[in-house]
Amino acid sequence: TQLLEQSPQFLSIQEGENLTVYCNSSSVFSSLQWYRQEPGEGPVLLVTVVTGGEVKKLKRLTFQFGDARKDSSLHITAAQPGDTGLYLCAGGGTSGSRLTFGEGTQLTVNP
Amino acid sequence: DTGVSQDPRHKITKRGQNVTFRCDPISEHNRLYWYRQTLGQGPEFLTYFQNEAQLEKSRLLSDRFSAERPKGSFSTLEIQRTEQGDSAMYLCASSLDEDYGYTFGSGTRLTVV
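Chains as they are written, first to last, in the working numbering: chain A, 25 to 135; chain B, 8 to 120.
Among the clues, some could well be false.
Here are the in silico distance ranges between beta carbons for each label pair [unchecked claim]:
| no. | chain 1 | residue 1 | chain 2 | residue 2 | range |
| --- | --- | --- | --- | --- | --- |
| 1 | B | Leu103 | A | Lys80 | 18 to 24 angstroms |
| 2 | A | Gly106 | B | Glu51 | 26 to 32 angstroms |
| 3 | A | Gly64 | B | Gln24 | 21 to 27 angstroms |
| 4 | B | Thr9 | A | Leu27 | 30 to 36 angstroms |
No lab work stands behind these hints: they were computed from the structure.
A quick note: this is a predicted structure, and the numbers were derived from the prediction, not measured.
C-beta atoms are modelled at their ideal positions from N, C-alpha and C, and glycine is treated no differently.
Here chain A stands alone, though its shape is the one from the complex (with noise of 0.2 angstroms):
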């Protein structure tokens, strides 16, 4: 069973600051994708990740994929009261295939 952790669970931090979150698996992942989940709304995808290695930005969002494709890191820069929400990091192998989601990350910005 493949399995993905997320860490930390929960982060409140103050509007201005950085943070990272990470998502780790014994197991090696063809792709790994970042989404962003509000209340009571499906996730939304923020990148897709392929290549070990690989480096994406998006605005104030960095996404890495671990060279052993094993693992990923979100880093987020002048975090603002919009990023708050549930982050969730998938895996998975081919295309098309089924994805294996970690439990998440609650970010809370405060103003």
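Once you have looked at the hints, place chain B on chain A.
Quick look at chain B alone, frame taken from chain A:
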């Protein structure tokens, strides 16, 4: 394109009743996935379809659960003889064969009382 639509958004049912949820994927997406999510947890895989073929079912999908996608378009998820432990958010997602990520619907929140 209105994205992935799920109906109903909320369902309250008494224990022992049957419920059915519907998912309309993005029209050109041939893959459709069902997940279940409880409070504070990540989504758990239930089953997925490629066109009308059900390719994989999770062990979580007991014999009380059944999913169909008869014409390769919309899908239904039925839960028979509901139990309180079935209370959760049921999420549907769709994608193309070549996609790694999914587009999720807003989910159906089921409460069994």
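Hints, verified against the model:
no. : hint                                     : verdict
1   : B/Leu103 <-> A/Lys80: 18 to 24 angstroms : 20 angstroms, holds
2   : A/Gly106 <-> B/Glu51: 26 to 32 angstroms : 28 angstroms, holds
3   : A/Gly64 <-> B/Gln24: 21 to 27 angstroms  : 23 angstroms, holds
4   : B/Thr9 <-> A/Leu27: 30 to 36 angstroms   : 35 angstroms, holds
Every hint, counting from the list given before, is met by this structure.
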